[in-house]
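Number of protein chains: 2
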Amino acid sequence: MSQVKALVFDVFGTVVDWRTGVAREFAAFLPAFGRADLDPFALADSWRALYQPGMEECRSGRREWTRLDVLHRESLEKVLAANGITGASEGDLDHLNRAWHRLDPWPDVVLGLTRMSRKYFLGTLSNGNIALMANMAKRAGLPWDAILGAEPTRAYKPQPEAYLRTAEILAMRPEEVCLVAAHNGDLRAARKAGLRTAFVPRPSEHGEGQTKDLGAEDPWDWVGADFVDLAAKMGCA
Amino acid sequence: MSQVKALVFDVFGTVVDWRTGVAREFAAFLPAFGRADLDPFALADSWRALYQPGMEECRSGRREWTRLDVLHRESLEKVLAANGITGASEGDLDHLNRAWHRLDPWPDVVLGLTRMSRKYFLGTLSNGNIALMANMAKRAGLPWDAILGAEPTRAYKPQPEAYLRTAEILAMRPEEVCLVAAHNGDLRAARKAGLRTAFVPRPSEHGEGQTKDLGAEDPWDWVGADFVDLAAKMGCA
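Those protein sequences? They're chains A and B, same order as listed.
Oh and the first sequence: position 15 is 15 in our numbering, straight run, nothing missing.
Oh and the second sequence: position 42 is 42 in our numbering, straight run, nothing missing.
Treat the hints with care, since some could be wrong.
No copy is singled out in the list; a pair is fine if it fits within one copy or between any two copies.
Calculated cross-link-like contacts (lysine-lysine; reagent style DSS-like; alpha-carbon spacing at most 27 Å) [stated by the list, open to error]:
{"hint": "1", "residue 1": "K78", "residue 2": "K233"}
{"hint": "2", "residue 1": "K78", "residue 2": "K119"}
{"hint": "3", "residue 1": "K5", "residue 2": "K138"}
{"hint": "4", "residue 1": "K233", "residue 2": "K212"}
{"hint": "5", "residue 1": "K138", "residue 2": "K119"}
{"hint": "6", "residue 1": "K192", "residue 2": "K233"}
{"hint": "7", "residue 1": "K119", "residue 2": "K192"}
{"hint": "8", "residue 1": "K119", "residue 2": "K5"}
{"hint": "9", "residue 1": "K5", "residue 2": "K233"}
{"hint": "10", "residue 1": "K212", "residue 2": "K192"}
{"hint": "11", "residue 1": "K5", "residue 2": "K212"}
{"hint": "12", "residue 1": "K5", "residue 2": "K192"}
{"hint": "13", "residue 1": "K138", "residue 2": "K212"}
If you're looking for bench data, these hints aren't it; they were derived computationally from the structure.
What you are looking at is a predicted structure, and each value in this text was computed from that prediction instead of being measured.
Produce the complete structure using the sequences and hints provided.
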């Protein structure tokens, strides 16, 4: 395992708590539209539910690869329409769409990443686009060495190209790169592409009723209780 | 001018002293090949002289866009052959080629960038590829928010696409992005694409006999004596 040189990270759910962050921004947005009756967490879940279908249009080839900020904006308009929210200005919509740029990391993340950064090259391997990932990192103090993933590779996980082209950009062999994720499916696809794998559970990503990804489902190369524990298990004091 | 949100930087020459860094690595490389007689600075200049011709093959469309690490490696082999240096192993060549990943910044850079980072989004807009730029940044402590430029845009400066697609990736208008460079030609191309411009002189980039880019040749939006001075002039205490 000592050949691993780079750790690359799933971000939504693994690094940041998207549900709480997006719900917080809906809660701030709704009163101006007279809809403080709506549940901001339910709206966050509805928005996120359109995430995979939006990317699937690109993965399938039915649509040219398109940045996540654009897909997010399209799905936001659907969510608002479905809930009868009308009259938002272009500026309102753009600000709300950028809620994803303003997500907060889980409490262990900054310390864990800072320790891992001493020994490994750290990159994102997210389906988020470069501006989204970089704005989030600047605000939250995430010490990435590079923003990689969907936009530089023009592929959406779990397409194998998303993993393989990320290793190629790093000029590393796949086995020199380890994906860190809270999602077993993402790790399965990364392992299939030849990457190393590390799992960290995020049992409240989907709220209290979360039923999936509560633990490691396969014998991943590393499993950490959180990022600080994973750092220790990967040799970063 | 207050609309500028992101500063993007030329790197070779503007941020790092490539000539001294590459010469230092040639000086360490030559003795094992019995060629300590050769001038390492002259070899650095010879290598750099093949930089523009290599990229021109890609700009012209005669060759598909190719990473700078690959172009550097091809030109290194030409320089070694032209100087009768033979017998270097694959590992030797790879290590020497990565001299560009190990360049040191000019003395004012880290302090200047750290100050600018408080107010602006900071990115690279270099012809260097992502791994090259990110490895350099990690080693030297350069606080980039994102590695942009040639590889994400698949264009080599001064092609307009290199500037315009960088602004597009940032989701900013060209006039919200300012190129910082020690090269008047790079700034001319950036201004033509609609970016703002900032000049910092690097009068020893090419050694003692440097004749070009000794000062600002056009009325650039900002001119700093160095990065610390530029930070102050751009409102970053």
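Practice item. Mind listing which of the numbered hints don't hold for this structure, in increasing order? Key: 1, 2, 11 and 13
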